[in-house]
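We have chain A; now place chain B onto it with these hints.
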Amino acid sequence: MNLHEYQGKEILASFGVRIQKGIVAHNAKEAVDAAKQLTQETGTGWHVIKAQVHAGGRGKGGGVKLAKNLQEVEELAGSIIGMNLITPQTSAEGKKVHQVLVAEDVYYPGDSETSEFYMSVLLNRGTGRNMVMYSTEGGMDIEEVAEKTPHLIYTEEIDPSTGILPFQARKIAFNLGLSGTAFKEMTKFVTSLYKAYVESDSNMFEINPVLKTSDNKIMAVDAKVSIDDNALYRRKAYAEMRDLREENAIEVEARAVGLNYVDLDGNVGCMVNGAGLAMATMDLIKMAGGEPANFLDVGGTADAKRVEEAFRIILKDPAVKAILINIFGGIVRCDRVAQGVVDAYKNMGDAIKVPIIVRLQGTNAELAKEIIDSSGLAVHSAVQFQEAADKVKEVLS
Amino acid sequence: MSVLVNKDSKIIVQGFTGSEGTFHSEQMIEYGTNIVGGVTPGKGGQEHLGKPVFNTVEEAVEKAGADTTIIFVPPAFAADAIMEAANAGIKVIITITEGIPVADMVKANDYIKDKDCRLVGPNCPGVITPGEAKVGIMPGFVFKKGNVGIVSKSGTLTYEASDQVVRQGMGITTAIGIGGDPIIGTTTKEAVELLINDEETHCVVMIGEIGGQLEADAAQWYKESGSTKPIVGFIAGETAPAGRTMGHAGAIVGGSDDTAQAKKRIMRECGIHVVDSPAEIGLKVKEVMA
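Those protein sequence lines, which keep their order, are chains A and B.
Heads up, the first sequence is in the working numbering, so the first residue is 642 and it goes up one at a time.
Heads up, the second sequence is in the working numbering, so the first residue is 143 and it goes up one at a time.
No lab work stands behind these hints, which were simulated from the structure alone.
Please note that the accuracy of each hint is not assured.
Stated by the list, open to error - Here are the simulated BS3-like pairs of lysine-lysine, each with C-alpha atoms no more than 25 Å apart in a straight line: (1) K193(B) to K233(B); (2) K670(A) to K709(A); (3) K233(B) to K255(B); (4) K994(A) to K957(A); (5) K836(A) to K249(B); (6) K701(A) to K789(A); (7) K249(B) to K877(A); (8) K149(B) to K836(A); (9) K331(B) to K255(B); (10) K812(A) to K789(A); (11) K286(B) to K1010(A); (12) K877(A) to K825(A).
Stated by the list, open to error - Some but not every residue of chain A turned toward chain B, in silico, with C-beta under 7 Å: (13) S802; (14) N844; (15) D869; (16) L873; (17) N901; (18) A921.
From a predicted model like this one, the values you see are computed outputs, not experimental measurements.
Note that CB positions come from ideal geometry on N, CA and C, so glycine has one too.
Looking at chain A on its own, in the form it has when it is part of the complex (with noise of 0.2 Å):
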């Protein structure tokens, strides 16, 4: 579950992790009252005004921008919330932003210059262990920064039992090239911030830029923050930080009805019961001509009830030219899934108006095949997964 740079940035203060702070602010006039209280408690002149939205690079979509006085935070605010907030990671439409981020400025002259660095935290899928990925060069888009110059990223392995060590914090602070004041700070930096990755069940965290202020202070400006879903149910608090506004609309309405559906572009909606052959059938679709619609799992009972629940989910998509269902049935027999299917069918009345191909295989599929040819409905039935393919070549043409 993917969070707001706001709410990232509080959970990562809970644990005492130094942020740039801010207020969140969900009109022009929040935001002016959010500037002044800001100014006193920090006693910051200028402010940056942050579209909260789940998407990368904002700054360079206009999102990010820096007001000297309080008119410009007016003004500034009143134009980025509302606004269709394009970037390189959302879609050609852009993201509505429903809030900003008034937050303080931490660019501040003094004794030394600023330097911006990039730090993350997450898991070492081929070891097992979480790992701290860290760079000089911060404050970039990181996928280049590997690119271009892949010896400036360092990464530490964190022990489980032990978790990060004294040393592990100084040889990240020396391979920053940080000394007195800045190297102390950035040692406390490392040591809480992988403090707070654990214990607060994340996945994900990606702070770019950490600063080192011109005083020597080490603080998180950015904050991206993702929870592990499975263990939302411990972490009560953060699971009710989801902001539905950000996720897409339809698999928002799977996920209540308990079906694991992701949209996509194409005009061939699946219904399959397994993630890996839901992912064999979309790419079946692909190679008999069609796009898949959707990535659906109905998981392991496929009855009538979620039939028609996933029915109705992939018919929200008007894109949708025609439906594949494939079935393996195992432990649930063919023969009711059949059943389903033509009850579900029934059920929508003449809500459906394309083409489906039923494919199911398994426990009973002769049987099952007989069942949905006999019912009289516009469905084509297949028992074979390359019979399957090439009827939604058929219907496409």
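Relative to the frame of chain A, chain B by itself:
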């Protein structure tokens, strides 16, 4: 021969008396699997499905001689169940549970690494050696005995592959569902290695999906092993967009080398017979075994 489980395995079920545990235990017993008992803390001393229930895995090892376990414990407690089994000396730990928090698996993975055991899963369909032992949730009838080994991250795709192989007149030695989570015990490489080294297995089917490096590691190992036993490979998720999780927590394209295209290229370079269509797995197996 076969790998991991056979007719002599002494199997217990953790989460024995729960609804999932009960349902699948009945199926496994009906298949002829040698279930020697089960574990449900607090229900020790009772009998369930005609088998003894123990409070701890340790007790099940002592009293029933258990060497293999299958775990149906709910996600919040499953990592603990894995560690309990490893600590009690269980040799093969098959974990079906889906949805275990990653942080729990980091801990469990670390805990068991120096123990003399092999974890399969979590979030997997289990392991079946046809005619001997079904230690999982797969439909047994799909798997006929034969000489083709299967390694797969996905449940229903494993059934699909086996069905296609059986339709071509062949059968299965052992099918291993390794699971679709970011952290799993037995890797693709380890499962492939077991089957390549199994005399009875003449061909291996390796089914992977987008995300991670497991298939590339297995392919690399296969090339270096110099084995002449053919491997037929398929990677699901050619059409999946980057950055989206496709059902399995581990099925997400994170970089340029864990896409389906990249994995298939590496597998082909290492001498694996890769099929682009999931409908052609059985045909390809027949072709390479001819």
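Do the hints match the structure? See the list:
1. K193(B) to K233(B): It holds: about 21 Å lies between the C-alpha atoms, which stays within 25 Å.
2. K670(A) to K709(A): 16 Å, holds
3. K233(B) to K255(B): 12 Å, holds
4. K994(A) to K957(A): At roughly 12 Å apart (the allowed maximum being 25 Å), K957(A) and K994(A) satisfy the hint.
5. K836(A) to K249(B): 15 Å, holds
6. K701(A) to K789(A): Status holds; Cα separation ~20 Å.
7. K249(B) to K877(A): 22 Å, holds
8. K149(B) to K836(A): Outside the cut-off at roughly 47 Å; violated.
9. K331(B) to K255(B): 17 Å, holds
10. K812(A) to K789(A): 24 Å, holds
11. K286(B) to K1010(A): 23 Å, holds
12. K877(A) to K825(A): 34 Å, violated
13. S802: Since the shortest Cβ distance to chain B is 6 Å, the answer is holds.
14. N844: At about 6 Å, which falls below the 7 Å cut-off, the nearest Cβ of chain B leaves the hint on N844(A) intact, so it holds.
15. D869: 5 Å, holds
16. L873: With a closest approach of 9 Å, the L873(A) hint is violated.
17. N901: 5 Å, holds
18. A921: Holds. Min distance 4 Å.
Of the numbered hints given earlier, the model fails hints 8, 12 and 16; all others are met.
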